[in-house]
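S.K.: The primary structure of each chain is shown beneath.
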Amino acid sequence: MSIDRTDALVAAIFVIVTAVTVGVLFDLWHLVYYSIPSLVTIFMLMGSLNRRDEWKTGATARIVSFGAALTVLFVVSNATLHGDGVIGGLPTSTAVFVYMIWPLASVVGPLLFAWVYHAWLRHDVDDVEARSVTS
Amino acid sequence: MTPVVVIMLVYFLLMFVIGYWAKSRIKSSKDFLVAGQTLGFFVMAIGTFSSIQSGFGMIGHTANTYSWGVQALVAAALLVPLAFALSWFLLGARLYRLARKYEVYSVPDVIRIRYPGRSAHIAMSVAMFVGSVAYMTAQVTATGVIVSLILDTSVSTGAIIGSAVVAVYTVAGGMLAGAWTDFIQGLLMVVLSIGAFFVATSTIGGWGSMLTTISNYDLDFLRLDASQPLTYVYTFVLVAVFGIAAQPQLITKFLMLRSSSELKWGALVAALAYGITTMFALGVGLAMRALTIQGRAPELENVDNTATWFLDNMVSPVFAGFVLAGLLAAIMSSSNSFIAVGASSLMRDLTGALGITVRNEVRWARIASVLVVACALVFTLYLSQVVFLLGALGFAAFAAAIFGPLALGLYWRRATGLATTVAITFGIAGNLVTTVLTSQEIITIPSYIQVGGFITVVGILIFIAVSVAFPSRESAKRFTEMHDMRSPVGAAAE
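Taken in sequence, the protein lines are chains A and B.
Residue numbering for the first sequence is 1 to 135, as defined by this note's numbering.
Residue numbering for the second sequence is 136 to 629, as defined by this note's numbering.
Read the hints as simulated data drawn from the structure, not as lab findings.
From a predicted model like this one, the values you see are computed outputs, not experimental measurements.
Some clues are possibly wrong.
Claimed, not checked - Derived coverage of chain A by chain B (criterion: at least 3 residues anywhere in the stretch with Cβ under 8 Å from a Cβ of chain B; other residues may be distant):
1) 10-16
2) 23-33
3) 44-57
4) 86-93
5) 110-121
Stated by the list, open to error - Derived pair list, reagent style DSSO-like, types lysine-lysine, alpha-carbon separation capped at 27 Å:
6) Lys399(B) with Lys56(A)
7) Lys165(B) with Lys399(B)
8) Lys165(B) with Lys56(A)
9) Lys56(A) with Lys612(B)
Stated by the list, open to error - A few chain A residues that face chain B, going by a derived Cβ cut-off under 10 Å, partial list only:
10) Asp4
11) Asp7
12) Ile63
13) Val64
14) Val72
15) Val76
16) Ser77
17) Ala79
18) Phe97
19) Val98
20) Trp102
21) Ser106
22) Asp124
23) Asp126
24) Asp127
C-beta: ideal position from N, C-alpha, C; glycine also.
Throw the hints in and build the complete structure from the sequences for me.
M.R.: Spelled out as structure tokens, the structure:
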């Protein structure tokens, strides 16, 4: 069986989830922590594949940018974990989650799906939609 | 009659009216199990979020925020809105295609179409029934607590009353009633969460003043590593974010949409609604901590009473009535989904997997719904010693059992029926065995291990490993047929 994009993504998931398992067993929290933005990005990339295992360039670029932004925020939160800085009444590392990652998760992630669906994934259901209308 | 009781009775009446309206429209099992595939995006998305946001999400997160600090919400809530985006990405278009192409009303139906052989179908059907009863048992207990508070009865009587209400409208109107009551309940939860946040923070002088009160006393309470180990916190994030895409009450909602255009905005609506309801735990949990620091509230011995102590002592009875109705809505919206999922697994999925033909599916779906509620009530009232076991079969067990076979299986042609059976068995047995061994003190789990998250990630690894180690031509062929693809050259498993 030839290797396709989904195979590559599943292989990446296997490697990251193995790292998570090691992190959980040996209390290495960084392995678990950085798996979160990594897996979010990979699953979004998987979800943006159409049924012919194809990506749309613009959609892929936006998903990777979203994943990169999420990773940067995770790095900033980690870097300020033991600092004395306070933003909006919260320690900086907590503030990054409450004031930045929470809105990003609640608004930007779902908007990204809306764009990818409108520009790309909806074509994947056009044929069944047409079939159900004509039947 | 107190204002709180009046509000609850009006709320119950509204649920009955929706149930009666839906009953007149139920003509087939498609109407009963997937609301006749008539839902628009707004009703579907609000219903999806409200069935995910359970009593634990409102009351439990408030208790943990009061006890652990903001890290409780980082662990279990702040990234959860992302789970809705991921669910729409991974499941939206592919499940919609399946629902239009095949007669798909449930998770086991998807498994039946995706994988050959009966074992995966039977395993998923059994897991759905056991998991639904387990989930329902937890919800019945929570209903009993809230109803007993409002009516001043015993928890058992409260559980019977609350279960009877949700059973009546679900048995009468199936998921058509379930979807619309979820919608009303979801809107109620959103409104009450905004109100509770501002009322709670204003008791301490506002958001800034509340945080200053806490940080002046103990800044560490607001840090990410406040009390629980970080490995535990971030494993909790993993199971919360990725586990949601594997919850049957969410998955089946994608099978209820009326057209593909309804997919576009659903993730945004569900994520925003969930994000807003997190404000309840954030506001009430931190306000209660600040009130305790100021000496205006006692240090609670049972932190599960955080939300109810606040409502009893810090707000007007009318506002408390609305909030309690909202908390009841959170519990009931999860309950009715699991009644329908459990009924479907018993009446349609398991019988189908065993080759039994069921005539008059609607009647049997109603009988099976009553059976699911009755099982949950019996466990809650008379078999408390098994309730803790059933607690192990909730969210994390579904995450471990379903994520690989369904979320990965919809994309990955190498996924196999054997791997599905093994992953389901591991997800259920792993959670059960761990619960028994730890409760009997045969093993001790280190505090940094979040057991549900650990079993979920191992379940995914097992699913991938078994699929690769034992390839299946038939499973690959099913994948090709399911997606209307031509068999690629050399596509047969080797």
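S.K.: Going by Cβ atoms only, is Asp126(A) closer than 10 Å to chain B?
M.R.: holds (8 Å)
S.K.: Holds or violated: Lys56(A) with Lys612(B), Cα cutoff 27 Å?
M.R.: holds (26 Å)
S.K.: Given as covered by chain B, does the stretch 110-121 of chain A meet the bar of three residues or more with CB within less than 8 Å?
M.R.: Holds, because 9 residues of the stretch 110-121 of chain A bring their Cβ atoms closer than 8 Å to Cβ atoms of chain B.
S.K.: For the hint on Ala79(A), does the least C-beta distance to chain B fall short of 10 Å?
M.R.: violated (12 Å)
S.K.: Given Asp7(A) as an interface hint, is its Cβ closer than 10 Å to any Cβ of chain B?
M.R.: holds (7 Å)
S.K.: Hold the hint about Ile63(A) up to the distance rule: shortest CB distance to chain B must be less than 10 Å.
M.R.: Holds. Min distance 9 Å.
S.K.: With a cut-off of 10 Å, does the beta carbon of Asp127(A) approach a beta carbon of chain B closely enough for the hint to hold?
M.R.: At about 7 Å, which falls below the 10 Å cut-off, the nearest Cβ of chain B leaves the hint on Asp127(A) intact, so it holds.
S.K.: In terms of beta carbon proximity below 8 Å, does the stretch 44-57 of chain A have 3 or more residues touching chain B?
M.R.: Coverage by chain B holds here, the residue count being 7 at a Cβ distance below 8 Å.
S.K.: Answer holds if the nearest beta-carbon of chain B is closer than 10 Å to that of Val98(A); otherwise answer violated.
M.R.: holds (7 Å)
S.K.: Is the straight-line distance between the alpha-carbon of Lys399(B) and that of Lys56(A) 27 Å or less?
M.R.: OK: Lys399(B) and Lys56(A) at ~17 Å, within 27 Å.
S.K.: Holds or violated: are the alpha carbons of Lys165(B) and Lys399(B) at most 27 Å from each other?
M.R.: holds (24 Å)
S.K.: Close enough to count: is the Cβ of Val76(A) nearer than 10 Å to one in chain B?
M.R.: Check failed: Cβ of Val76(A) comes no nearer than 12 Å to chain B, outside 10 Å.
Against the hints set out earlier in the document, violations occur for numbers 8, 13, 14, 15, 17.
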